[in-house]
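Number of protein chains: 2
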Amino acid sequence: MYGRRKAKPIGFSNRDIPRRLVSVGVHYIVDLDNVDNDLIVDNDKLTEICNNSLEKGEATILDKMIHHFEPHGLTLLYLLSESHFSMHTWPEHQKIRIDFFTCEQNESKCISVIDHLKSEFESTSMKINILRR
Amino acid sequence: MYGRRKAKPIGFSNRDIPRRLVSVGVHYIVDLDNVDNDLIVDNDKLTEICNNSLEKGEATILDKMIHHFEPHGLTLLYLLSESHFSMHTWPEHQKIRIDFFTCEQNESKCISVIDHLKSEFESTSMKINILRR
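These protein sequence lines are chains D and Y, in that order.
If you read the first sequence in the working numbering, its first letter stands for residue 1, the second for the next number, and so on.
If you read the second sequence in the working numbering, its first letter stands for residue 1, the second for the next number, and so on.
These are computed hints drawn from the structure, not numbers from a lab.
Predicted model, so just to flag it, every value in this text is computed and none were measured.
Treat the hints with caution; some may be incorrect.
Beyond 12 Å from chain D on every Cβ pair, some chain Y residues (computed) [as the list claims (entries may be wrong)]: (1) D31; (2) D33; (3) T47; (4) I49; (5) N52; (6) F85; (7) S86; (8) E92; (9) E107; (10) S108; (11) I111.
Partial list, computed: chain D residues near chain Y (C-beta under 10 Å) [unchecked claim]: (12) Y28; (13) D99; (14) K109; (15) L131.
Glycine included, each C-beta is placed from N, C-alpha and C at the ideal position.
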């Protein structure tokens, strides 16, 4: 059911690993700067944005953790069948840092999630790095 | 208590942000290849390695999620006061992918955790990328 794993035999030699499997994961690293002052402290809205983005991308949420820091700041962590998604906020610096790590065969879901995030943060400076790991 | 947040006023202009705060976080991205066949499927041992590494680095674990995939594979996610730590395994490709994201003032803890991981995986090919975000 959970698409990340394929029932392949373990323990085969490196020579048997297809060339494309030098990387098994793709990691979208999203840095938001100059986030709107009202939005950056609205933890409920930010959580809703993450939930909706993952739903749009048809990601499978297996578990979730939320922590509200004092005096402000939010950490969201989602354990996905596709790997994980995280958001951290630094309201005092108007910054949000997001990670979406997934296996390569699920990259289309990742792109869909990122596209939804772009629309939600359209007025915000967004830098995206993509690592193949 | 939780070192990540400082009680600074929010909403000040960008001109007030000190130059060093162009980045608020430091992200250690650790890719392990050719992991020993016995270790890569030993989810209990891998969990113990992560727990011990975070303890050595004096990281503050606020919450934790574990998922064992079928037929094999492990995801560990730790919500830390310093941000987050994750591990994903692909036993069929002998690969482990680890992330430690923290705020810059806690980088020494991060280095200590990574040093412990190096000692635990000393016979494994380890590539480390460091992003300042």
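Here is how each hint holds up against the structure:
1. Taking the minimum C-beta to C-beta distance to chain D, about 5 Å, the non-interface status of D31(Y) is violated against the 12 Å cut.
2. Taking the minimum C-beta to C-beta distance to chain D, about 9 Å, the non-interface status of D33(Y) is violated against the 12 Å cut.
3. The Cβ of T47(Y) lies farther than 12 Å from every Cβ of chain D, with a closest approach of about 14 Å, so its non-interface assignment holds.
4. With 12 Å as the threshold on Cβ separation, the claim that I49(Y) sits away from chain D holds: the shortest Cβ distance comes to roughly 18 Å.
5. Chain D leaves N52(Y) outside its interface by the beta-carbon criterion, the shortest separation being 21 Å against a cut-off of 12 Å.
6. With a closest Cβ-Cβ approach of about 10 Å to chain D, F85(Y) is found to fall inside the 12 Å limit, against its non-interface label.
7. The claim that S86(Y) lies off the interface is violated: its Cβ sits roughly 6 Å from the closest Cβ of chain D, which falls inside the 12 Å cut-off.
8. The beta carbon of E92(Y) sits about 4 Å from the closest Cβ of chain D, which is not more than 12 Å, so the claim that it is off the interface is violated.
9. Distance check on E107(Y): its Cβ is at least 15 Å (rounded) from any Cβ of chain D, clearing the 12 Å threshold; non-interface status holds.
10. The Cβ of S108(Y) lies farther than 12 Å from every Cβ of chain D, with a closest approach of about 19 Å, so its non-interface assignment holds.
11. Against the 12 Å criterion, I111(Y) stays outside the reach of chain D, whose nearest CB is about 19 Å from its own CB.
12. Annotation: Y28(D) was flagged as interfacial toward chain Y, and the flag is violated, the nearest CB pair being 12 Å apart, outside 10 Å.
13. At about 7 Å, the closest approach between the beta carbon of D99(D) and any beta carbon in chain Y falls short of 10 Å, and the interface hint on this residue holds.
14. Violation of the interface hint for K109(D) is found here, the shortest Cβ-Cβ separation to chain Y being roughly 16 Å, above the 10 Å cut-off.
15. Checking L131(D) against chain Y by beta carbon gives a least distance of about 7 Å; that is within 10 Å, so the hint holds.
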